[in-house]
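Participant: Okay, here's what each chain looks like letter by letter:
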Amino acid sequence: MLNCHDATFLFSQGRERKLTFSERMKVRIHTSICSDCTNFERQLETISGAAKAFAAHKGKTDD
Amino acid sequence: MDPTVRIKGNVASATPEFLAQMREDMLRFARLQLGSDDEAEDAVQEALAGALRNAADFRGEAALKTWIIAILKNKVADILRKRQRLPLAASQMAAPDQEGPLPAVFDQRGMWHDAARPARWSDPEADLHTTQFLAVFDACLNRLPPQQGRVFMMREVVELGTEEICAELGLTINNVHVILHRARLALRACLQINWFQEGA
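Chains as they are written, first to last, in the working numbering: chain A, 851 to 913; chain B, 6 to 205.
Bound conformation, chain B alone (with noise of 0.2 Å):
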């Protein structure tokens, strides 16, 4: 959004376009999070009914969003804390490929190869916020192994502590300590490609 268009307003006078936009990108990221749809429905349903009950007033449709998709975001990590206090279920148990692959970045000796090693990145901050970044770094995310998209946005959104993350996925401390590292060198150098790079 152009940042110096200024809409005043809240949730009940944004536009139906905007809403049935958000509400798929908070459908998108409850799901992600909590892997069932049936639960992601009721957590977005009840985020939206929390941000008209409060509505307030916001300067711009993003700012709106973001303070929207901090509620759920709290919501979310409600649902995950709740789950944890439950026995868990057998399909949520871990399978022996949850970790997903190593991107083949290293060589044997676990070195970088050439290709991969990572550069300088200007100036990274500037364009974290656009949208021709964040088309990026969705391509990214969607080409990680789903566990693993799941698990850093986990670590890195819903802010979890790692024990939660275990407890909830069934988990060991090392799978998750694995799962991380290879979703942030997948990310690093997607980005890297598709971003950073001279001339990307």
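One chain only, chain A, in its complex shape (with noise of 0.2 Å):
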């Protein structure tokens, strides 16, 4: 059974290869019983889309 740790590993590089089969299934387990890794996994979305957000505009108002 995967701890929270092990789990938010294994969706950070879920956003750079394909996990494998028993990695997804594992970590479907883990969510179903772990809110807090399941709103882990939709920030990392969230994170990803502010850096770029940040290259794009970043000081632009910062006078």
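Since the hints were derived computationally from the structure, they do not count as laboratory data. Don't take every hint at face value.
[Stated by the list, open to error] Label pairs and their in silico Cβ distance ranges:
hint, chain 1, residue 1, chain 2, residue 2, range
1, A, 869, B, 118, 21 to 27 Å
2, B, 59, A, 896, 30 to 36 Å
3, B, 20, A, 886, 44 to 50 Å
4, B, 116, A, 864, 16 to 22 Å
5, B, 75, A, 871, 34 to 40 Å
6, B, 114, A, 866, 25 to 31 Å
7, A, 866, B, 115, 18 to 24 Å
Owing to the predicted nature of the structure, the values given are computational and were not obtained by experimental measurement. Beta carbons: idealized from backbone N, C-alpha and C, even for Gly.
Both chains are given apart, each in its own frame, so use the hints to dock them into the complex.
Facilitator: Spelled out as structure tokens, the structure:
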């Protein structure tokens, strides 16, 4: 059974590589009982969007 | 910038203040990615020259800036890819502490500490482009160990693949996965405390 540390590591890697079938099953089982890690997974997408927004816009109202 | 303010212009007609500020931002971005002042200067210079050559009209300085940053991003990716064909300099080899610390968000059993549990973020997309949010993001990014910040931006903004990042920084694939995990944990925690939390 994955703990939250392991589950978040797999979610993070999922943004760089395709997780194996077994990994996907393990994280699905974990998120079915862990709302914290469900939130974490969603927020990875937000953080990625934020980084892109930051690079595109940063500084233009710094004055 | 107030989105209702529309300035029609191109690089040649942008205000000196705007260009100076943009150049600063571009340099910061290029330095973070390239780790070298000289190469960063060159990349920014070439990106600006390219933008002047292909001067197009933009509705507003924001659009102009987005466009020039995109040119710079391609330039930086080119430089990083070119470097991979050269032997790795000793100074670029991974130091033992390359991965930076694991943020203290988990307990001994690998479960979230109560204070660090990811809460629901309400309508997270709504604010991403506001000045206030971007300032918070900037502060959180600056708080990361430099290597974590650099790898995170290489991945998310320059959109290099894991192998390309490994080759550039002399890291193993596992190093890169660990660094990105730690960077994301730390950024997430910082954004939750300083932005998404009730009353932040």
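Participant: Against this structure, judge whether each hint is valid.
Facilitator: Hint by hint, here is what the structure shows:
Roughly 26 Å separates the CB atoms of residue 869/A and residue 118/B, a value that falls within the hinted 21 to 27 Å. Judged by the Cβ atoms, the range 30 to 36 Å given for residue 59/B and residue 896/A holds: they are separated by roughly 33 Å. In this structure, residue 20/B and residue 886/A meet the distance hint of 44 to 50 Å, their C-beta atoms being roughly 47 Å apart. In this structure, residue 116/B and residue 864/A meet the distance hint of 16 to 22 Å, their C-beta atoms being roughly 20 Å apart.
Between residue 75/B and residue 871/A, the C-beta spacing of about 37 Å keeps the proposed range 34 to 40 Å intact. Between residue 114/B and residue 866/A, the C-beta spacing of about 26 Å keeps the proposed range 25 to 31 Å intact. Separation of residue 866/A from residue 115/B is about 21 Å and conforms to the stated range, judged on CB atoms against 18 to 24 Å.
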